[in-house]
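Here is what each chain is made of, one letter per residue.
2 protein chains.
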Amino acid sequence: MKNKKGVKLWNKAKKIIPGGSQLLSKRAEMFLPEQWPSYFKKAKGVFVWDLDGNKYIDTLASIGACILGYADPDVNNAVKKVIDQGNISTLNCPEEIKLAELLCKLHSWADMVRYARGGGEAMAIAVRIARAYSGKDKIAFCGYHGWQDWYLAANLGNNKNLKEHLLPGLDPRGVPKGLRGTAIPFSYNKIEELENIVSKNKDIGVIIMEPLRNHEPMNNFLQKVRRIANKSGAVLIFDEITIGWRLSYGGAHLKYGVNPDIAVFAKGISNGFPMAAIIGKKKIMQSAQTTFISSSYWTERIGTVAALASIGKMINKKVPRHLLRIGGMFMRGMKECAKKHNIRLLVSGLSPMPHLSFDYGEDGQTIKTLYTQEMLKREFLVGSVLYVTYSLKEKHIRKYLNAADEVFCLLGQAIKDNKVRALLEGPTAHVGFKRLT
Amino acid sequence: MKNKKGVKLWNKAKKIIPGGSQLLSKRAEMFLPEQWPSYFKKAKGVFVWDLDGNKYIDTLASIGACILGYADPDVNNAVKKVIDQGNISTLNCPEEIKLAELLCKLHSWADMVRYARGGGEAMAIAVRIARAYSGKDKIAFCGYHGWQDWYLAANLGNNKNLKEHLLPGLDPRGVPKGLRGTAIPFSYNKIEELENIVSKNKDIGVIIMEPLRNHEPMNNFLQKVRRIANKSGAVLIFDEITIGWRLSYGGAHLKYGVNPDIAVFAKGISNGFPMAAIIGKKKIMQSAQTTFISSSYWTERIGTVAALASIGKMINKKVPRHLLRIGGMFMRGMKECAKKHNIRLLVSGLSPMPHLSFDYGEDGQTIKTLYTQEMLKREFLVGSVLYVTYSLKEKHIRKYLNAADEVFCLLGQAIKDNKVRALLEGPTAHVGFKRLT
Chain R
0 MKNKKGVKLW NKAKKIIPGG SQLLSKRAEM FLPEQWPSYF KKAKGVFVWD
50 LDGNKYIDTL ASIGACILGY ADPDVNNAVK KVIDQGNIST LNCPEEIKLA
100 ELLCKLHSWA DMVRYARGGG EAMAIAVRIA RAYSGKDKIA FCGYHGWQDW
150 YLAANLGNNK NLKEHLLPGL DPRGVPKGLR GTAIPFSYNK IEELENIVSK
200 NKDIGVIIME PLRNHEPMNN FLQKVRRIAN KSGAVLIFDE ITIGWRLSYG
250 GAHLKYGVNP DIAVFAKGIS NGFPMAAIIG KKKIMQSAQT TFISSSYWTE
300 RIGTVAALAS IGKMINKKVP RHLLRIGGMF MRGMKECAKK HNIRLLVSGL
350 SPMPHLSFDY GEDGQTIKTL YTQEMLKREF LVGSVLYVTY SLKEKHIRKY
400 LNAADEVFCL LGQAIKDNKV RALLEGPTAH VGFKRLT
Chain G
0 MKNKKGVKLW NKAKKIIPGG SQLLSKRAEM FLPEQWPSYF KKAKGVFVWD
50 LDGNKYIDTL ASIGACILGY ADPDVNNAVK KVIDQGNIST LNCPEEIKLA
100 ELLCKLHSWA DMVRYARGGG EAMAIAVRIA RAYSGKDKIA FCGYHGWQDW
150 YLAANLGNNK NLKEHLLPGL DPRGVPKGLR GTAIPFSYNK IEELENIVSK
200 NKDIGVIIME PLRNHEPMNN FLQKVRRIAN KSGAVLIFDE ITIGWRLSYG
250 GAHLKYGVNP DIAVFAKGIS NGFPMAAIIG KKKIMQSAQT TFISSSYWTE
300 RIGTVAALAS IGKMINKKVP RHLLRIGGMF MRGMKECAKK HNIRLLVSGL
350 SPMPHLSFDY GEDGQTIKTL YTQEMLKREF LVGSVLYVTY SLKEKHIRKY
400 LNAADEVFCL LGQAIKDNKV RALLEGPTAH VGFKRLT
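As they're listed, the protein sequences go chains R and G. Counting along the first sequence from 1, when you hit position 131 you're at 130 in numbering that gives the first Met the number 0, and nothing is skipped either side. Counting along the second sequence from 1, when you hit position 54 you're at 53 in numbering that gives the first Met the number 0, and nothing is skipped either side.
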């Protein structure tokens, strides 16, 4: 194995950090147990260098956080400048107002903005504001929204509620039992589920969803959700943490012409520097003043300046257009490649973040793990999703497709000979959440 | 007024950011309404420059966040280096293990570490882990612990519970009513209050407190709390966000020889770069794996590297010793100065963060505001607390005492002539929480 140092350090990490990583999706076990490089020394553009000095094309972009690519020179220069000038003080940073004005200009329905430094906490702020405004505690939600109590409460009393949104079988240990019944899930594109929730629960104060993630909205789904929110008086929150900035200059909802009452941005907004923004209508956002929402590090200016620089560049370089084009090229290429080698590969999702899965029932996960192993040997970090970035160019896709062509050849033979497990040099990757020891 | 730009921008901010600032303690109204500079262009060491180019000695150190002083060259260089090398990727940053080992070395009772990027969210993580471990939802707490639901729940049904810990009269709008009764306050140094809570509530799973803040523990208070936690099986969490790193190399509890089960650090650990760490005993920390605690930005490496550099320098330069010495000099000087001018000034608190208050009953707040106004004219940013930093040297204290001498002369006369309000060029500063329009 040529990435021994990373494998060794990961084993050490699990002894001193519960779960090994701060993010479930960055655990070695989610990709390639006992073989994944796990740690980086350097990252630039599409490239990552591991602790042994191996260089990879990283198709995961820090699980989508860096839309421009790693260590973008324009964003980095803006950040380093404010570090030299001091990134925090007792006084506030004026860039907060500039960014608020920009976000409200890009989203003409929004009037006011609050900031945080991570997606999960930004969603908790949005929920607090929405509950404060509506005076009602119950939430109907769809999709993935982080780790906080309001969301995990969905699994209190029924640990299948978060199955399709977060993970199967999650036991919400440590979430107060008094929150039972406060978060009720509905499925994407199934308006009747939301209708049913709202008609059975007169006290739904908040509706929360990703405007889209893997599928386009069908039959005016978003418009219908908006109408239900209007009719019931619920605050509508769009979680744009993952999809935002990939389809349009701001929230994906801009593309579909349906406006929420609050939208939340994190990941994509600042190219890998901790930052989050909660934008919303004035009458609702002002409810933040009827409760207490305050934290020291929300006032520092690296995140604010990184967001300004990232948004500026995404607009300037027409980044969503690039993501669409490169992602489309990848999806077409992979479909062709799979067809050529007679591999049952499902290529789905949106062009800026195409999704791959191997349609082999229970064996699919082992085949996927072997694919990850063989792509790693060819110096690619791959996962179920490819996050297109501005740094990922046609030449990288061509190189990827050449590597996939080789791997699919090997994979096709292994499937035929029933040798997938035998070729795998470690365990199969985990599906969802497992305790690591 | 020589700081017009900041005053103007603050008025604009309040129209686009609910409450104007992300931190209650950075609102102009908390210091000097309609006169406070509010925004900074540059910060270095003890100095801050406002938007009009005025230079101040800032005695508040970003409300205590920067123990080394602003834009510390050693911390900044470490941070800029990792920005050049990429601050995030799909792989994890190896510095996480180095920092975890250092924290466990400094706190020999701790075995495992998790990270976050802010104090409020770090406390919510600690609470989740402790509740997951104990299986009980109820919390007994003392002190200030941020904005999250678990804490504000104390005021559900009784908005006086957080009076002495956070703010008077806070209505916990937006906090789910199902959390009522889950957070019960006790007062510092009053062991009988905690005893009473634990004997009346058999289901207290967690005890949370700042090991100290404004007063030293009396009559073995910390030892007694530890014994109650042991006896009741509650997880003991020390919130070291404010006091940590000021009295010792790590948590203040090290100085008192009482170990918690979990300790939480933020603010002081990384000299103004967003970072937080939750450290704890293995059997308890591993409960993080029985629930879902995961967020993208907790994996970036600026915070981690800033913490390593800050801790290294605090140890190397024996910073707690400096804070004690300078703070002691300030406290003695202020007491003398007040005595000389016959001002009833109470100088209290610990040397690294002395507290000032004017003992004039209802008039105290107006006198304090006039003091802030006159110190601002003499190019000092002052508040109720002075946060000593490594950048704050004897010469700055001498300069401060000279300015205070002038201002106390003026103040003494104004009090005598009943002209305090007349000399104030704007409204009196707010006490606690008020809606801003």
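Just so you know, these hints were derived from the structure itself, not from any lab. Check before you lean on any hint, since a few could be wrong.
[Stated by the list, open to error] Using 30 Å as the maximum straight-line C-alpha spacing, the simulated BS3-like pairs for lysine-lysine come out as follows:
hint, chain 1, residue 1, chain 2, residue 2
1, R, Lys3, G, Lys13
2, R, Lys201, G, Lys79
3, R, Lys80, G, Lys137
4, R, Lys4, G, Lys7
5, G, Lys80, R, Lys316
6, R, Lys392, G, Lys137
7, R, Lys97, G, Lys376
8, G, Lys80, R, Lys281
[To be verified] If you want the footprint, here are the derived chain R segments under chain G, 3+ residues with CB under 8 Å:
hint, segment
9, 90-96
10, 123-130
11, 135-147
12, 285-291
13, 404-414
The beta-carbon is built from N, C-alpha and C at its ideal position, and this holds for glycine as well.
Review point. So which of those numbered hints doesn't the model satisfy?
Key: Hints 1, 2, 3, 4, 6, 8 and 13 not satisfied by this model.
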